[in-house]
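J.: Whenever a hint applies, use it, and build me the whole structure from the sequences.
Residues in the sequence shown are numbered from 574 upward in steps of one, following our numbering.
No lab work stands behind these hints, which were simulated from the structure alone. A few of these clues could be false.
Unchecked claim - List of simulated lysine-lysine pairs, DSS-like, C-alpha gap at most 27 Å:
#, residue 1, residue 2
1, LYS843, LYS902
2, LYS711, LYS855
3, LYS672, LYS714
4, LYS714, LYS855
5, LYS797, LYS855
6, LYS672, LYS902
As the list claims (entries may be wrong) - Restraint ranges, calculated between C-beta atoms of paired labels, are given here:
#, residue 1, residue 2, range
7, LYS711, ASP760, 35 to 45 Å
8, ASN871, GLU773, 39 to 49 Å
9, ALA809, LYS840, 40 to 50 Å
10, SER736, ALA809, 37 to 47 Å
11, PRO878, ARG787, 21 to 31 Å
12, ILE783, PRO903, 44 to 54 Å
13, GLU901, GLU836, 17 to 27 Å
14, ALA809, LYS711, 31 to 41 Å
Beta carbons are placed, not taken as given, at the ideal position from N, Cα and C, and that holds for glycine.
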Amino acid sequence: MPPGRATAPEKRRSGLRDHGVPGILIYRLLLAFGLLLVTVAAAMAGVHPFPAGFQAQQVATNGTTLYVRVGGQGPAVVLLHGFGDTGDMWAPLAALLMKNHTVIVPDLRGMGLSAHPDTGYTKKNQALDIAGVLDHLKIAKADLITHDIGNMVGYAFAVQFPSRITRWIALDAPIPGIGDWDAITRDPRLWHFNFRGPDEERLVAGRERIYLDRFWNELSANPKAIDDATRHHYAALYARPRAMHDAFEQFGAFAQDAIDNKELLAKAGKLPMPVMAIGAEKSFNTAMADDLRFVATNVTGAVVPNSGHWLMEEQPAATIAVIRDFLEKP
Numbered sequence: 574m575p576p577g578r579a580t581a582p583e584k585r586r587s588g589l590r591d592h593g594v595p596g597i598l599i600y601r602l603l604l605a606f607g608l609l610l611v612t613v614a615a616a617m618a619g620v621h622p623f624p625a626g627f628q629a630q631q632v633a634t635n636g637t638t639l640y641v642r643v644g645g646q647g648p649a650v651v652l653l654h655g656f657g658d659t660g661d662m663w664a665p666l667a668a669l670l671m672k673n674h675t676v677i678v679p680d681l682r683g684m685g686l687s688a689h690p691d692t693g694y695t696k697k698n699q700a701l702d703i704a705g706v707l708d709h710l711k712i713a714k715a716d717l718i719t720h721d722i723g724n725m726v727g728y729a730f731a732v733q734f735p736s737r738i739t740r741w742i743a744l745d746a747p748i749p750g751i752g753d754w755d756a757i758t759r760d761p762r763l764w765h766f767n768f769r770g771p772d773e774e775r776l777v778a779g780r781e782r783i784y785l786d787r788f789w790n791e792l793s794a795n796p797k798a799i800d801d802a803t804r805h806h807y808a809a810l811y812a813r814p815r816a817m818h819d820a821f822e823q824f825g826a827f828a829q830d831a832i833d834n835k836e837l838l839a840k841a842g843k844l845p846m847p848v849m850a851i852g853a854e855k856s857f858n859t860a861m862a863d864d865l866r867f868v869a870t871n872v873t874g875a876v877v878p879n880s881g882h883w884l885m886e887e888q889p890a891a892t893i894a895v896i897r898d899f900l901e902k903p
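T.: Here it is in structure tokens:
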């Protein structure tokens, strides 16, 4: 290199000195910007948006209003979420099903972006909410896919309106009053079934993320599978006015749900439609199918490996594959 000629790096360093900007400061700024990009990328990796073909609407039904996403064309399929999620959990599955189905994804009564009525949280009554949504959309019959509390609403719908359900796929949660329900409720990990009231709401208010983290961490096989962006998304929804109160009301209705379900089963008998019971390996496992055989005559069981309760967050591809295969059966 000829004497007196500065290299490009030397020129850059000289320029920084000439302008009075320490090189270390520039380095820190670049590092901070890089971390910001990583953070944004992580946030984008959170809850999947519904495809552009979906339209959201507020549907008046059974004395309340439900927020309902509808997209696609073909035979109808209804997707019902549970606690800790909203209908947003179903976006990856909805994107696949909309190719040859009309996909209907409500937020349950008092949850997500649906209205917050003071009463009506028994699952027998919420089944009427779903029936009203189908009536509004002029849909006579649909496949039904449910998770968690959605299973409870799903059973109440299927047993009251069996002619309106083609097939039912239930993911990883029991039905109040059915099978081993009494033993399940004695599990100390399920203390939250009876956690409700004004003081309990005060304890959780402003700490919704902390409260929900407990479910995502303890009921999953791998807590890291539920990323920070997903947790933030749902915590913000459950921090909305009345949202956690009404979520507690979902649990508060379990005792009446158990009574209702026993009466409905005794009156209507077992469900006639094909049922797929999907358990998570680290959660309900094969017990999912065992319980549903108390209420249905034609039950196929499946277990998703390496997953806890949050199947659509922990093992979405494997879960969707099981659902797709069942729906594609003649």
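J.: Next step is simple, just say for each hint if it's right about the structure.
T.: Hints versus structure:
no.: 1; hint: LYS843 <-> LYS902; result: holds, 22 Å
no.: 2; hint: LYS711 <-> LYS855; result: violated, 39 Å
no.: 3; hint: LYS672 <-> LYS714; result: holds, 18 Å
no.: 4; hint: LYS714 <-> LYS855; result: violated, 33 Å
no.: 5; hint: LYS797 <-> LYS855; result: holds, 15 Å
no.: 6; hint: LYS672 <-> LYS902; result: holds, 17 Å
no.: 7; hint: LYS711 <-> ASP760: 35 to 45 Å; result: holds, 43 Å
no.: 8; hint: ASN871 <-> GLU773: 39 to 49 Å; result: holds, 41 Å
no.: 9; hint: ALA809 <-> LYS840: 40 to 50 Å; result: holds, 42 Å
no.: 10; hint: SER736 <-> ALA809: 37 to 47 Å; result: holds, 39 Å
no.: 11; hint: PRO878 <-> ARG787: 21 to 31 Å; result: holds, 24 Å
no.: 12; hint: ILE783 <-> PRO903: 44 to 54 Å; result: holds, 48 Å
no.: 13; hint: GLU901 <-> GLU836: 17 to 27 Å; result: violated, 35 Å
no.: 14; hint: ALA809 <-> LYS711: 31 to 41 Å; result: holds, 34 Å
Consistency note: the structure conflicts with the earlier hints numbered 2, 4, 13.
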